[in-house]
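Student: Let the sequences and hints guide you as you build the complete structure.
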Amino acid sequence: MMNQRDGEGLLTDVLPQPTYMELARNVHEGLPPPTSQIKDTTLVRGDYLYYHYGCDGVDDRGWGCGYRTLQTMCSWVVDQDPVPRRPIPTLPQIQEALVQMQDKPSSFFGSRSWIGSVEVALCVDYFYEVPCRIIHIRQGNEHPGVVEELRAHFQSVGAPVMMGGDTDNSSKGILGLCSGPEGHYLLVLDPHSYGPGLDVMRAQQSGSSCGVPVP
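Position 183 of the sequence shown, counted from 1, bears residue number 189 in this note's numbering, the numbering being contiguous throughout.
There's no promise every hint is true.
Unchecked claim - Okay, the calculated beta carbon distance ranges per label pair: (1) E155 - T41: 19 to 29 Å; (2) V89 - R144: 35 to 45 Å; (3) G52 - D109: 24 to 34 Å; (4) T41 - V105: 14 to 24 Å; (5) E188 - M107: 35 to 45 Å; (6) E188 - I141: 15 to 25 Å; (7) P111 - D131: 15 to 25 Å; (8) S176 - P88: 17 to 27 Å; (9) I140 - P93: 32 to 42 Å; (10) Q108 - E135: 13 to 23 Å; (11) R91 - G63: 19 to 29 Å; (12) E28 - R92: 18 to 28 Å.
Treat the hints as calculated values from the structure; they're not laboratory data. For glycine and all other residues, C-beta sits at the position ideal for the given N, C-alpha and C.
Tutor: Right, here's the structure in full:
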């Protein structure tokens with residue numbers, strides 16, 4: 007069943023919320039640094055839940071990574087609000103919201119079409135009235151400036167970040183970064199693990215949360 011809007015322009019919950027998910031929280035905590043010579047570390051501030059393929063019983067392998075990263079970001083937003091305005095949206099609710107915003111045609115609802123950074127930014131603003139900023143990286147030599155922007159973001163806001171696009175069209179979450187003599191490392195949250203909710207230890211063992219060097 008499709009959702010309907012309430013008087014404030016937000017979606018009213020008609021689709022049932024999954025009640026059997028047991029999602030891991032803050033899966034990066036306890037991870038060792040990528041090298042022994044780290045001089046500066048900046049991390050996400052606040053709690054988030056780790057959403058990934060199949061965590062709510064929906065088999066979204068191959069198309070749902072952007073949705074899952076969006077849900078992780080939404081979980082952080084909800085945790086910051088002492089009186090949450092609405093729960094974290096389900097995949098159908100995300101698709102319906104994009105149709106309601108006229109970003110997608112009606113055929114998008116119920117499809118297996120993926121979403122990217124633009125749709126994620128639209129949805130965070132739509133559901134929670136929290137604006138997002140999109141940074142375009144055209145060439146690898148632009149990374150140093152982006153690293154400093156990410157560092158400033160985690161220091162001032164502290165929210166998870168979505169990354170993906172161009173030749174790397176698989177969405178990932180960024181939870182922080184660290185720097186050392188050999189360069190910078192991003193702390194990546196990978197939504198591509200499949201199955202029921204993972205606990206923190208299993209998530210870390212599967213490589214779902216790991217440090218990746220920045221070229």
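Student: Decide, hint by hint, whether the structure agrees.
Tutor: Tested hints:
1. E155 - T41: 19 to 29 Å: Because 23 Å falls inside the window, the suggested range holds.
2. V89 - R144: 35 to 45 Å: This hint holds: roughly 41 Å between Cβ atoms.
3. G52 - D109: 24 to 34 Å: holds (28 Å)
4. T41 - V105: 14 to 24 Å: violated (46 Å)
5. E188 - M107: 35 to 45 Å: holds (44 Å)
6. E188 - I141: 15 to 25 Å: About 24 Å separates the Cβ atoms of E188 and I141, which means 15 to 25 Å holds.
7. P111 - D131: 15 to 25 Å: At roughly 20 Å between Cβ atoms, D131 and P111 fall inside 15 to 25 Å, so the hint holds.
8. S176 - P88: 17 to 27 Å: violated (34 Å)
9. I140 - P93: 32 to 42 Å: Distance hint for I140, P93 is violated at roughly 25 Å.
10. Q108 - E135: 13 to 23 Å: Taking Cβ atoms as reference, Q108 and E135 lie about 18 Å apart, which means the hint holds.
11. R91 - G63: 19 to 29 Å: With Cβ atoms ~25 Å apart, the hint holds.
12. E28 - R92: 18 to 28 Å: holds (21 Å)
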